[in-house]
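Chain order of the listed sequences is R and B. Take the first sequence: its position 63, counted from the start at 1, is 63 in this note's numbering, and no numbers get skipped. Take the second sequence: its position 448, counted from the start at 1, is 548 in this note's numbering, and no numbers get skipped.
It should be emphasised that the hints constitute simulated quantities derived from the structure, not laboratory data. Quantities reported herein were computed from a predicted structural model and do not represent experimental measurements. For every residue, glycine included, the Cβ atom is placed at its ideal position computed from N, Cα and C. Treat the hints with care, since some could be wrong.
Stated by the list, open to error - Where chain R lies over chain B, by a calculated footprint (3+ residues, C-beta under 8 Å): (1) 128-136; (2) 146-155; (3) 161-173; (4) 191-199; (5) 239-252; (6) 392-398.
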Amino acid sequence: MSVTREQVAKIAALARINVDEHELDRMVPEFNNLLAWVEQLGDVDTSSVEPMTAVIEQKLRLRADVVDADPLTGGGRRDAILANAPAAEHGFFGVPKVIE
Amino acid sequence: MSNYRIHGATGDWEVVIGLEVHAQVTSKAKLFSGASTEFGAEPNAQVSLVDAAMPGMLPVPNAECVRQAVRTGMAIEAEINKWSRFDRKNYFYADLPQGYQISQLYHPIVGEGKLLIEADEKAGIPHDKIIGIERIHIEQDAGKLMHDQHPTMSYVDLNRVGVALMEIVSRPDMTSPAEAGAYVRKLRAILRYVGSCDGNMEEGSMRADVNVSVRKVGDPELGTRTETKNVNSVRFVMAAIEHEARRQVDVLEDGGTIVQETRLFDPGTGTTRSMRSKEDAHDYRYFPDPDLLPLELDDQFLADCRASLPELPDAKRKRYIEELGLSEYNARELTADVEVFARFETLLAATARGIGKPENEVATQVANWSLSVAPGVMKALGDEANPAHATAEAQAAILDMQAKGEISGGQAKEIYEIVLKTGRDPAEVADTEGLKQQSDSGAIEAAVDAVLAANADKVEQYRGGKEALFGFFVGQTMKAMQGKANPGVVNSVLKAKLG
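Same shape as in the complex, but just chain R (with noise of 0.2 Å):
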């Protein structure tokens, strides 16, 4: 697998990452290298492996449906929510109008 030049530049798009031309042109074959050596895994006969989905055995974690049962993932805490806001109004956050 390999990338080409807009390719990345799209993707660097995407993730709003301004990427210049001189930058461009290092990072293409920067990411084909990466991928190249990623790509050697392909190598490795998996067909008789387990997906492994975490280092760790555990199993996914569910909470119980109750409100703010612990104050640190729950809500009612406007002030702290809108404290970095760079433009805070009537409890809302303020940004560039957005239209489509």
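Place chain B on chain R using the hints.
Only chain B this time, still in chain R's reference frame:
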């Protein structure tokens, strides 16, 4: 097959419809955090650090949301996947602080299922039809943006961020707006029976993305489809399809091509318009969410889900027809929504108990009362009626008197009117207001004798073969008794006397 056709200059076209319904899962807390899901809170009052995507926060799924999705899947007879996984759908927009929505693209929790829409001649659905459901997956809702509060800024409320949604994806099996409307109504009924979504379309608890394409009648190839987003009522779903199908036919007949795109429905004009121009917007770069292990369900959990399911609409409708002896129409109307059948079943039980007969013997009377008589009286009274007086006990008492022949159908209505206005006891109303019919055969016989004596000539004609006069005698007798005679008794007395 539906007969729905779009008539174009070059011939007839048919429409192919698939729906993606987003249904908010009924839960107290959000899908991955403990913040409340309650509707109508102050902006950003129900946002946790997890929902706001603060660094270092990790999602932990809410077991209730998982349970409700599984129960919903079972209700549409779907395959439940004991192993499913969450994926990230990446996009940037101010309603999504994480920069990605946690969803399930590759391994949804619920697989292939189906839903029955019932024949409805009037609506243009000639036969029962099975609509395939491809999958149900669970995902996070996004926040809400307000664009009209400030000249240069949009305001963001994240209360909805992270609320659990089920996305229920149909097969492109619908071929008319009526079928799509019936599908949404039936799906909504099932969700409400199961209790996994309140189905409140006004509050946005249920909304549909409508996929529409058109093709020449008989063409085996599907046309290019468009997707109209966030349509929030059954009526709008149907209107969006009608408009979009017409628009596509017009474009194609003008020699144009349909662009696969996302469109918006404008309820004001009933039209759709293009929403996203950049095709890039569809490149969501999905990948498995590294913050979440796969979701594994054990047999006990599935068994508990199954055991908790109520009687579902199709089963209930069948039982109403087969065991209660109701007509198909009555059965369909009564099972269409939870409140309707709940009221009916309460009233049926109370009436059967009061009259001392099994439910199937009074079911049709109760069904007609519930579907037509009672709503008719309520509607005619308007604001004068106090719905709190519409108790099952009062209605059962009226039906009881009617079943015993103490009151006529007309008197039942009059009594119910007074009950709705005042909350008085129906039996007391019948007594004090003189709203009772005379079933005492002695009094009726006396009245019949008087009528026959006063109309000897007509009795002669009747006996001579002019049987249509029977109605005249009934009328005269009823008139003599101020309309309060039991018509059944009047009929049998008259028949006996006229021999």
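Verification of the supplied hints:
With 6 residues carrying a beta carbon less than 8 Å from a beta carbon of chain R, the stretch 128-136 of chain B meets the three-residue requirement, and the given coverage holds. A count of 7 residues in the stretch 146-155 of chain B with a Cβ less than 8 Å from any Cβ of chain R is obtained; the coverage claim is therefore met, three being the minimum. For the stretch 161-173 of chain B, the proposed coverage by chain R is satisfied: 6 residues have a C-beta within less than 8 Å of a C-beta in that chain, meeting the threshold of three. With 3 residues having a beta carbon nearer than 8 Å to a beta carbon of chain R, the stretch 191-199 of chain B meets the requirement of three or more and the stated coverage holds.
Residues of the stretch 239-252 of chain B with a Cβ under 8 Å from some Cβ of chain R number 6, which satisfies the need for three, so the listed coverage holds. Given a C-beta distance limit of less than 8 Å, the hint that chain R covers the stretch 392-398 of chain B holds, as 5 residues qualify and 3 suffice.
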